[in-house]
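Visitor: Produce the entire structure from the sequences given, and follow the hints as far as they go.
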Amino acid sequence: MKPSLPVAALSIALLFAACAPDARAADWRQEYCHGGATCMLLEQNGSTVDMYLRNVFPSDEIVTTMSFRQTAPMENLRTDATFPFTRVIAGTAPVKVLTFTIIDTTKRWAPNVTYYWQYGSIAAKHDAARPYELPFERGKRFRVGQAFNGKITHHGEFAYSVDFLMPIGTPIHAAREGVVIAVEGRYGEGRLEPAYKERNNYVFILHPDGTIGRYVHMVKDGISVKVGQHVKAGDRIATSGNSGYSDSPHLHFDVARVLDERRSTTVPFAFRTDYANAEKPREALWYSFSGDGAHKVRVPVEPSDVRLCRRVVNNEFRECGNEFAAGSKVLVALPLGVPGAYRVKTVMRKTGAPPIVSDFRTHKDWWYTYATAELPGAHSAAGEWIVEVFLDGKKIREIPFRVR
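Anchor point for the sequence shown: position 273 equals 594 in the working numbering, and the numbering is continuous, going up by one each time.
Just so you know, the hints here were simulated from the structure itself, not pulled from any lab data.
Bear in mind the structure is a predicted one, so any value in this text is a computation, not a measurement.
Incorrect hints may have been included.
Stated by the list, open to error - Pair by pair, the computed Cβ-Cβ distance ranges are: (1) Y353 <-> R459: 42 to 48 Å; (2) G714 <-> K547: 54 to 60 Å; (3) G714 <-> G490: 39 to 45 Å; (4) G477 <-> S625: 38 to 44 Å; (5) A431 <-> G490: 51 to 57 Å; (6) Q391 <-> G612: 51 to 57 Å; (7) A591 <-> G367: 54 to 60 Å; (8) G714 <-> D542: 47 to 53 Å; (9) A662 <-> G509: 38 to 44 Å; (10) G356 <-> A662: 52 to 58 Å; (11) R399 <-> R350: 18 to 24 Å.
Said to hold, decoys possible - Here are the computed lysine to aspartate or glutamate pairs in the EDC-like style, where the Cα-Cα straight-line distance is at most 16 Å: (12) K547 <-> E382; (13) K716 <-> D626; (14) K461 <-> D556; (15) K650 <-> E640; (16) K461 <-> D613; (17) K518 <-> E505; (18) K715 <-> D680; (19) K553 <-> E382; (20) K671 <-> E644; (21) K541 <-> E519; (22) K417 <-> D371; (23) K666 <-> E719.
Just so it is clear, CB atoms sit at the ideal spot from N, CA and C, and this is done for glycine as well.
Guide: Okay, structure coming up:
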């Protein structure tokens, strides 16, 4: 599995143009907006120029972090502000952040300033003590393909990220309440090619503590929410896919905290699961939450997962059932809930026929295993069979099946 990284934090730059308002005018104002997301307003009153910022979003709950840097010395202006400086802008009302004084009102002036911004607040304080809900339906179960500090892509900025392996079309639900701040759903399926790194479909949700939940790799046109919408934990927000820089269907989830106007980092988090009130994700383990309040104990193999199948393709068991033709090959499938080195023994029995036995050990890193049995081709093989499955000497499952 080679999961891709989530979409990078949105960052925009705008260069203030030189300004030359009529020196005889009592007042002058000009607003510069970018992408319908953030705006900067310059307002002159005599020899004073005030600079305001505002967010342009359908919700007052959305917060941005903006930073200002000079691209060249100011022309015909002075200010007490020291560059660079950063401001957190909450809501949509204009906020005054800076005042310039025009040295000579009869001459041209220019701030020569660039600003950058991204969603979220540098003042965010992650509520690490509060667990998140799993980002999918209650009662469903999915395996973690890559967890914190994963060797493939979960390092650096994305160190605290988790990938859930799931088929395309799986409903995705909010892991924590908040307001939707960004969505993308235009792109088709992904590939492991550089051009696809910026083609992720995603939903970003700003949490009350200022962090941002990022859900990535949604299916095309699979977003169920819109910017400015408030969601509760458990609300459906999207449908999983394989968009962007990815070669297998999965959901990437992380919680980001803004470092400055252009950088962010991920923070560690825990999920509420059937196994613990707060559990940090671990690679290769299955995760689920039924909501019944009873904690389960993780076992190497869930007995209900043991099945009889005809083949395995891309680590998935196919053509499973309880009826097989004489002379065919049967796989006794054992998805490992906790990878480890185990002794596996399977015994297929039919009255009057010699048993078919498989006995082997698993590798500590295997996520699944299976025993292969060749059914007899003789007519006498037809009838009712039973397979007993043992793990480390303990019988965990008994499955009846029919040979035709």
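Visitor: With reference to the structure, classify each hint as holding or not holding.
Guide: Consistency of the hints with the structure:
no. : hint                      : verdict
1   : Y353 <-> R459: 42 to 48 Å : holds (47 Å)
2   : G714 <-> K547: 54 to 60 Å : holds (56 Å)
3   : G714 <-> G490: 39 to 45 Å : holds (41 Å)
4   : G477 <-> S625: 38 to 44 Å : holds (39 Å)
5   : A431 <-> G490: 51 to 57 Å : holds (54 Å)
6   : Q391 <-> G612: 51 to 57 Å : holds (55 Å)
7   : A591 <-> G367: 54 to 60 Å : holds (57 Å)
8   : G714 <-> D542: 47 to 53 Å : holds (52 Å)
9   : A662 <-> G509: 38 to 44 Å : holds (42 Å)
10  : G356 <-> A662: 52 to 58 Å : holds (54 Å)
11  : R399 <-> R350: 18 to 24 Å : holds (20 Å)
12  : K547 <-> E382             : holds (14 Å)
13  : K716 <-> D626             : holds (14 Å)
14  : K461 <-> D556             : holds (15 Å)
15  : K650 <-> E640             : holds (12 Å)
16  : K461 <-> D613             : holds (13 Å)
17  : K518 <-> E505             : holds (13 Å)
18  : K715 <-> D680             : holds (13 Å)
19  : K553 <-> E382             : holds (14 Å)
20  : K671 <-> E644             : holds (14 Å)
21  : K541 <-> E519             : holds (14 Å)
22  : K417 <-> D371             : holds (7 Å)
23  : K666 <-> E719             : holds (12 Å)
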